[in-house]
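Q: Below are the chains, spelled out letter by letter.
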Amino acid sequence: MKEYNINHLRELEAESIFVIREVAAQFENPVMLFSGGKDSIIMFHLARKAFAPAKVPFPMMHIDTGHNFAETIEFRDMLMEKTGTRIIVRYVQDSIDQGKVAEETGFNASRNKLQTITLLDGIEDLKVDCAMGGGRRDEEKARAKERFFSHRDEFGQWDPKNQRPELWNLFNGKKHMGEHFRVFPISNWTEMDVWQYIYLENIEIPNLYFSHEREVFQRDGTLLAKSDCIPMRPGEKTEKRIVRFRTIGDATCTGAVESEAHSLEEIIEEVAATRTTERGTRADDRRSEAAMEDRKKEGYF
Amino acid sequence: MSEKSAGYLDMELLRFTTAGSVDDGKSTLIGRLLYDSKAIFEDQMEAIEISSKKRGDEEVDLALLTDGLRAEREQGITIDVAYRYFATPKRKFIIADTPGHIQYTRNMVTGASTANAALILVDARNGVIEQTLRHSYIANLLQIPHIIVCINKMDLVDFSQETYERIKADYQKMVVDKLNIKDVCFIPISAKLGDNVVDASTKMDWYSGTPLLDLLENIKIVDDRNHGDSRLPVQYVIRPQSDEFHDYRGYAGRVASGVFHPGDKVRILPSGIETTIEAIDSFTGEQEVAFTPQSVTLRLSDNIDISRGDMIVDANNVPNVSQEFEAMLCWMNERAMMPRGKYTIKHTTNETRCMIRDVKFKVNVDTLDEVADDKVVALNDIACVSFKAAKPLFFDSYKKNRLTGSFILIDEGTNETVAAGMIL
Ligand SMILES: Nc1nc2c(ncn2[C@@H]2O[C@H](COP(=O)(O)OP(=O)(O)O)[C@@H](O)[C@H]2O)c(=O)[nH]1
Ligand SMILES: [Mg+2]
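Line by line, the protein sequences are chains D and Y. The numbers in the first sequence follow my numbering, run straight up by one, and end at 301. The numbers in the second sequence follow my numbering, run straight up by one, and end at 725.
One should not assume that every hint holds.
Derived coverage of chain Y by chain D (criterion: at least 3 residues anywhere in the stretch with Cβ under 8 Å from a Cβ of chain D; other residues may be distant) [stated by the list, open to error]:
#, stretch
1, 383-392
2, 534-544
3, 575-584
4, 594-605
5, 701-711
6, 716-723
Sample of chain Y residues facing chain D (criterion: CB under 8 Å; computed from the structure) [said to hold, decoys possible]:
#, residue
7, Asp-311
8, Ser-353
9, Thr-411
10, Ser-414
11, Thr-415
12, Val-523
13, Tyr-549
14, Ala-553
15, Arg-609
No more than 35 Å apart at the CA atoms, straight line, and that leaves these computed lysine-lysine pairs for DSBU-like [unchecked claim]:
#, chain 1, residue 1, chain 2, residue 2
16, D, Lys-161, Y, Lys-566
17, Y, Lys-700, D, Lys-175
18, D, Lys-127, Y, Lys-692
19, D, Lys-174, Y, Lys-700
20, D, Lys-113, Y, Lys-354
21, Y, Lys-700, D, Lys-161
22, Y, Lys-483, D, Lys-49
23, D, Lys-55, Y, Lys-566
24, D, Lys-174, Y, Lys-354
25, Y, Lys-692, D, Lys-55
26, D, Lys-113, Y, Lys-355
27, Y, Lys-676, D, Lys-161
28, D, Lys-175, Y, Lys-692
29, D, Lys-175, Y, Lys-676
30, D, Lys-175, Y, Lys-661
31, D, Lys-161, Y, Lys-354
To be clear, the hints were calculated from the coordinates, so they are not data collected in a lab. Here a beta-carbon is modelled for each residue, glycine too, at the ideal position from N, C-alpha and C.
Using the sequences plus the hints, can you model the full thing?
A: Dropping the structure here:
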């Protein structure tokens, strides 16, 4: 008999497509969070696959910290236009202007934490009942326990001790008024899987992921890009280095790595050889050992 | 770009779960697998070195790699299912690390539901205990195809062959024979020191088998899938409503079992109408075949009214269609089952209400005896229950088909998932 077998990427793909279709079937007003990073790019790619030849039946949503790499925003707009997809952008700056959040001050100020408020506000205003995110369980310890369908109470909070059991491929998206879900279609992907899939499917990604020359400076063991939104401390000096980014979140806390990887093949080889996790380049997780768990309970991505 | 062009794109996925009592070494074993297969990064290692030191441990505690949540770190126990990932050139692995506490049986059931293999840990000093029986029973109930009994902490029994053989014989007698388990194998290991985990032990020359990782890399998983009974639960109907695809109707879903080809005669449930498959669509064009576990979109030759919850099946091989059925139920909620209570049942992509008719018997998971007169089904209980659903369901027995034979019950008041069921 013929062997009906598929490789690990095709199996992950099938699982993610199943989850995304479940969202479209079970929720009335879902959105897919889109940051312009590689995880949200592949999630969007999977959504297009899930509904082809129809368009993706829900909008994307970007929580814009204002601290972006210009390349990310250009890429986002290009991709949305090319695919005819609607994107809702909510600005952290608006939450600050409305006095809902106070901007952090000091040299390590970051808007990463403030995003939570803007996100929860957006969810409430737009009556979103499900927000899909590109979180992966391999990223961080607290994420390792996250369900595909993650229930949030009316305050948007996550209760890690009281999660619904999730069995087989039966996803329970039932909720009361005012509650919502976070759904993570690519939960089971690792950083390596994501890169392999981008290669396999020939998916376009922002140039920031590839090696390029950039002005950077050292802070607490992290290489940060020179940017208008990061005040430099006395004594800190920028210099030109050949770098690339492994994640592209908020520019104030996303570290660059020195790299000569110019192609996807080279990136895959580099990822295979790398000895630190990709979140190791993110200053926000290094604030304390339980940093991610605390932010997730409050309603972070 | 061809999928064969790069070797690492040709890996298979294996999901496994771990079971054992508290302190049998589950977390340490997983930490060891990750560490020795180089899936642990420097910053993760640094973080657990610091934590170990803070707690005053002399050695780095590999269990800290998987014991993620703060409460666990503080109490030193695992309280929920954690998923871990690692890969070798042959396979990508997904581990469901499930806790061993008695009150957390539901987590083991959760982890077991999608597993291809189960690692059952036995502490070599204690041998086969009640918990071992319970965990093996659950693994078997959930029909995990491969069971690997890891006899751990061999370093604490001087790597004694005699101890290993005695435990193996006990397991055979007390568990395998009783439960009728098909595929079981045994490995003597030391999770803490790494013997027979990734590398073969130098202290147990008497053991002729392969180390654990080798075994995990080579278990044959394709054969475990049901490629015989073609079933596609309709998940979503795709209607582009664009000029280009004016009359397009695609039935999207994940193939639960079996194989579909264009031209195949299929029957639609519940309507019973027969038609043929016109095409199998994907993003990049039509495909010649669809099989489990692929997510696909089927187009049919006739225009039939089909919606989510319907099932497309082989016209000559249909599942049971009935409102009444019996199932083994694992209760997962603090609030006990209501006798003759009504719940929402989620089965494949179908959903309806159902009523509990009767508790036929409960299983004493410590002795595996059937208890007929106890009708109270509470947290972590396993019982045989008969149901009546508000409309017909299309199902196979769980033994034949894990995806069309499983369901969950949802409490209509709290919306919580309260039970997992396996149809008999
Ligand atoms: N000597 C020895 N100790 C072990 C071994 N495996 C685990 N342990 C210890 O047993 C204790 C419990 O291990 P842990 O992995 O947390 O068990 P879990 O509750 O099953 O996850 C820890 O102190 C481990 O260091 C082993 O093979 N040999
Ligand atoms: Mg543990």
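Q: Tell me if the straight-line CA distance from Lys-700(Y) to Lys-175(D) falls inside 35 Å.
A: Holds. Lys-700(Y) to Lys-175(D) sits at ~32 Å (cutoff 35 Å).
Q: For the restraint on Ala-553(Y), tell me whether the closest CB of chain D is nearer than 8 Å.
A: With a closest approach of 6 Å, the Ala-553(Y) hint holds.
Q: With a cut-off of 8 Å on the beta carbons, see whether Ser-414(Y) makes it to chain D.
A: 4 Å, holds
Q: When you check the alpha-carbon spacing of Lys-161(D) and Lys-566(Y), does it fall within 35 Å?
A: 48 Å, violated
Q: Holds or violated: Lys-113(D) and Lys-354(Y), Cα atoms, limit 35 Å.
A: 30 Å, holds
Q: Between Lys-700(Y) and Lys-161(D), is the straight-line Cα distance small enough, at 35 Å or below?
A: Measuring from Cα to Cα gives roughly 32 Å; hence the hint holds.
Q: Straight-line Cα separation of Lys-55(D) and Lys-566(Y) no greater than 35 Å?
A: With a Cα-Cα distance of about 29 Å, the restraint between Lys-55(D) and Lys-566(Y) holds, given a limit of 35 Å.
Q: Count the residues of the stretch 594-605 of chain Y whose CB lies closer than 8 Å to any CB of chain D, then report whether that count reaches three.
A: Check passed, 4 qualifying residues.
Q: Verify the interface restraint on Thr-411(Y): the C-beta must sit less than 8 Å from at least one C-beta of chain D.
A: 5 Å, holds
Q: Decide if the proposed pair is consistent with the structure: Lys-692(Y) and Lys-55(D), CA atoms, cutoff 35 Å inclusive.
A: At roughly 33 Å apart (the allowed maximum being 35 Å), Lys-55(D) and Lys-692(Y) satisfy the hint.
Q: Assess, step by step, whether the Cα of Lys-175(D) is no farther than 35 Å from the Cα of Lys-676(Y), and give holds or violated.
A: The given pair, whose Cα atoms are some 30 Å apart, holds under the 35 Å limit.
Q: Under 8 Å, Cβ to Cβ, is where Tyr-549(Y) needs to be relative to chain D, so tell me if that hint holds or is violated.
A: Since chain D brings a Cβ to about 6 Å from Tyr-549(Y), closer than 8 Å, the hint holds.
Violated hints, listed in ascending order, are 8, 16, 22 and 24; each of the other numbered hints is respected by the structure.
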